[in-house]
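J.: In case you want the letters, here they are:
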Amino acid sequence: MVGLIMSSINKNAAQIRASVVSNKRVGQYHQLIINIGDLAGVCKPGNFVAINVGGENSRMVLRRAFAISRVSVSATFGGTMELIVAPHGQGSKWLCQQNEGAVLDVVVPLGKAFGIPTEPVQVLLVGGGYGSAPLFGLAETLNTRGCRVDMLLGASTASKIYAPMEGKRAVNSLRIYTEDGSMGQRGRVTEPISELIKDLNIAVIYSCGPMAMLSAIDEITRGTDVVHQCAVEESMACGIGICMTCVLPVADESGNVSMLRSCIDGPVMDGSFVQWDKVGKAL
Amino acid sequence: MSVVDLSTTLGNAWFPAPTFTASGCASSGRELAQFFNLRDMGGVVTKSVMMKARTGRPTPRMAETPSGMLNSIGLQGPGIDAFIAKDIPYLLEQKARIIVSIAGETVEEYSTLARKLRSVSGISAIEVNISCPNVENRGLVFACDPEASRRVIDGVRRTIGGELPIIAKLSPDVTDLVSIARGVVEAGADALALINTVLGMVINIDTMRPHLGGKTGGLSGPAIRPIAVRAVYQVHAAMPQIPILGMGGISSGRDALEMIAAGASGVSIGTASFGNPTAIMTIQNELKELLAEKGFTSLRQVIGYAHRPESE
Chain B
1 MVGLIMSSIN KNAAQIRASV VSNKRVGQYH QLIINIGDLA GVCKPGNFVA INVGGENSRM
61 VLRRAFAISR VSVSATFGGT MELIVAPHGQ GSKWLCQQNE GAVLDVVVPL GKAFGIPTEP
121 VQVLLVGGGY GSAPLFGLAE TLNTRGCRVD MLLGASTASK IYAPMEGKRA VNSLRIYTED
181 GSMGQRGRVT EPISELIKDL NIAVIYSCGP MAMLSAIDEI TRGTDVVHQC AVEESMACGI
241 GICMTCVLPV ADESGNVSML RSCIDGPVMD GSFVQWDKVG KAL
Chain G
1001 MSVVDLSTTL GNAWFPAPTF TASGCASSGR ELAQFFNLRD MGGVVTKSVM MKARTGRPTP
1061 RMAETPSGML NSIGLQGPGI DAFIAKDIPY LLEQKARIIV SIAGETVEEY STLARKLRSV
1121 SGISAIEVNI SCPNVENRGL VFACDPEASR RVIDGVRRTI GGELPIIAKL SPDVTDLVSI
1181 ARGVVEAGAD ALALINTVLG MVINIDTMRP HLGGKTGGLS GPAIRPIAVR AVYQVHAAMP
1241 QIPILGMGGI SSGRDALEMI AAGASGVSIG TASFGNPTAI MTIQNELKEL LAEKGFTSLR
1301 QVIGYAHRPE SE
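So the protein sequences, as listed, match chains B and G.
Numbered according to the numbering used here, the first sequence spans residues 1 to 283.
Numbered according to the numbering used here, the second sequence spans residues 1001 to 1312.
Just so you know, the hints here were simulated from the structure itself, not pulled from any lab data.
Worth double-checking, as some hints may not be accurate.
Under the rule of at most 30 Å between Cα atoms (straight-line distance), these lysine-lysine pairs were calculated in the DSS-like manner [said to hold, decoys possible]:
1. K198(B) <-> K168(B)
2. K1095(G) <-> K281(B)
3. K278(B) <-> K1215(G)
4. K1086(G) <-> K278(B)
5. K93(B) <-> K168(B)
6. K1288(G) <-> K1215(G)
7. K1052(G) <-> K1095(G)
8. K44(B) <-> K168(B)
9. K24(B) <-> K44(B)
10. K11(B) <-> K1215(G)
11. K1086(G) <-> K1116(G)
12. K278(B) <-> K1052(G)
13. K281(B) <-> K1294(G)
14. K24(B) <-> K168(B)
15. K281(B) <-> K1052(G)
16. K93(B) <-> K24(B)
17. K1288(G) <-> K1095(G)
18. K1288(G) <-> K93(B)
19. K1052(G) <-> K1086(G)
20. K44(B) <-> K93(B)
21. K11(B) <-> K44(B)
22. K11(B) <-> K1086(G)
23. K1095(G) <-> K1116(G)
Can you make the complete structure from the sequences, with help from the hints?
T.: Below is the structure:
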């Protein structure tokens, strides 16, 4: 998938003014519903958005990237997208303070989406922290293709698990792991993967979460036939492919490693091509 | 609204508008073309291209700072041959005007790059990015060394002959910018690009080490705008006949007008495009409106306007 790279920006990407339909607190996160009109129809699971933060006279000059967790089209609001935002930094805190009616400058949709199997195969979805958010929309899409979807979610503690009730409908089974044991089983989300691959005859693993988790999954799938599609996380200045800051070392089919932009050639990448041991190192 | 003539020149190159991308802030141009027609702005200044493909520096490559950002990319790029084969034809197809930025590690590499470009048609000008470490002189940045700066420009001038304008891009991290500017003009530069990023550093207080993979990075964005305006003003005062491509934190038509009044014949927009993919077109439109509001009929009337005698 990643081997033959056609580096180009998502051809549906557009810059729009989009209004906030609702903003609700969900545990440690905020669920924002934003009206994006017809563009909701071209957003796919794995795509992300880049949002201007801080208002007109802000000292924050860079756009912030957020994964789209779900899109829907309703009679009342037209096309909307859902973002699950953790108020960590200045930009995401500002976004979490935007209430119904606030107008945002949004570039949407961006990046490569998760590849959907053409055959109804067994798939495993693995999410870390709020990285689980886009996996629920993905699960619905996979369901409509007849795939059996099992899901593992992990976080350091219970309040960092994002697992909405309605999202669970699309999955066959859901197991939760927390490092402190405050929810589900105590341990890391990667622990049961080897066994599940065998027991459930998993063909594809979809993952979204911290880089350490993605890299650990790659170690498990290496040398197996399991395809690992992961949504990578690297800090971006623009989200549209012009700043060259969000790069990752990725090999092509002949083994040549180059620094690819996670905003253009990702965020979804084939984990087996990412050179996890070279991330953050000079090539 | 009255019609304002926005056209400008850099050496013998004519542009219908004074707005350009800043080198290294538009990748190959394909990404911005998703948001507006590249032909509608003055021109695309390409990412500085070197002889060979480069993977660049490790991540993190970026840190946002108050009203700015630090970057440490390390001139990642495809190398001159792939650039000429793929990127130039694309930009020509878009009818964009092209300023090719070149960078080298030796005086010789710059000349070789110029030789490669000499036979490429459709280029408006060459920008010589001399903010690179000189491997033949302990990695001292060319732009911080008056003699090395001069030799690079001299080599490029001799190689490409007298047709293509040469724009020397200078670093603000020097004690006497005017003397370096004079040196490169004497060596054959037709125009100057001011300013490159300002060297900076951010320390990550979790790791208690420099945040960037390359440790230091170039500061850009509105935080450096007054430094850029000062640099353009000083150099224009010393050499009013030399066109300047002004840049450093320009994010509005007002900022562009300020830079032009300081002495710039054109402006490059970099960091503002990261925050807003249509920044260049917005700035161009705002500049046109501002000029009209103030009663100017052409951009050229305003170049260096801040230098006019007290009596005017």
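J.: State for each hint whether it applies.
T.: Verification of the hints:
For the hint pairing K198(B) with K168(B), the CA-to-CA distance comes to about 23 Å; that is within 30 Å, so the pair holds. Restraint check for K1095(G) and K281(B): the C-alpha separation of about 39 Å exceeds 30 Å, so the hint is violated. Pair hint K278(B) plus K1215(G) holds up; C-alpha atoms about 17 Å apart against a cutoff of 30 Å. A threshold of 30 Å between alpha carbons decides the hint, and for K1086(G) with K278(B) the separation of about 28 Å falls inside it, so the pair holds.
Note on K93(B) and K168(B): the hinted pairing holds, with a Cα-Cα distance of about 28 Å set against a maximum of 30 Å. The hinted pair formed by K1288(G) and K1215(G) fails the criterion: a straight-line CA distance of about 40 Å is larger than 30 Å. In summary, the hint linking K1052(G) to K1095(G) is supported, as the alpha carbons are separated by about 27 Å, within the 30 Å threshold. Our distance criterion of 30 Å between C-alpha atoms is met by K44(B) and K168(B), whose separation comes to about 19 Å.
Distance restraint check for K24(B) and K44(B): the Cα-Cα separation of roughly 23 Å lies within the 30 Å cut-off, and the hinted pair is therefore satisfied. A distance of roughly 35 Å separates the Cα atoms of K11(B) and K1215(G); the hinted pair therefore is violated under the 30 Å criterion. Proposed proximity of K1086(G) and K1116(G) is supported: the alpha carbons are some 14 Å apart, at most 30 Å. Distance check on the hinted pair: K278(B) and K1052(G) sit about 21 Å apart at the alpha-carbon level, within 30 Å; holds.
Among the hinted pairs, K281(B) with K1294(G) is inconsistent with the structure: their alpha-carbon atoms are about 52 Å apart, more than 30 Å. With a C-alpha separation of about 19 Å, the suggested pairing of K24(B) with K168(B) holds against the 30 Å cut-off. This hinted pair checks out: K281(B) and K1052(G) have alpha carbons roughly 20 Å apart, not beyond 30 Å. For the hint pairing K93(B) with K24(B), the CA-to-CA distance comes to about 13 Å; that is within 30 Å, so the pair holds.
For the hint pairing K1288(G) with K1095(G), the CA-to-CA distance comes to about 22 Å; that is within 30 Å, so the pair holds. Using a Cα cut-off of 30 Å, the hinted pair K1288(G) and K93(B) is violated, with the two alpha carbons roughly 36 Å apart. Restraint check for K1052(G) and K1086(G): the C-alpha separation of about 15 Å stays at or below 30 Å, so the hint holds. A threshold of 30 Å between alpha carbons decides the hint, and for K44(B) with K93(B) the separation of about 26 Å falls inside it, so the pair holds.
For the proposed pair K11(B) and K44(B), the alpha carbon gap of about 13 Å is at most 30 Å, so the pair holds. Between K11(B) and K1086(G) the CA atoms are separated by roughly 19 Å; this keeps the pair inside 30 Å, and the hint holds. Proposed proximity of K1095(G) and K1116(G) is supported: the alpha carbons are some 22 Å apart, at most 30 Å.
Hints 2, 6, 10, 13 and 18, counting from the list given before, are not met by this structure.
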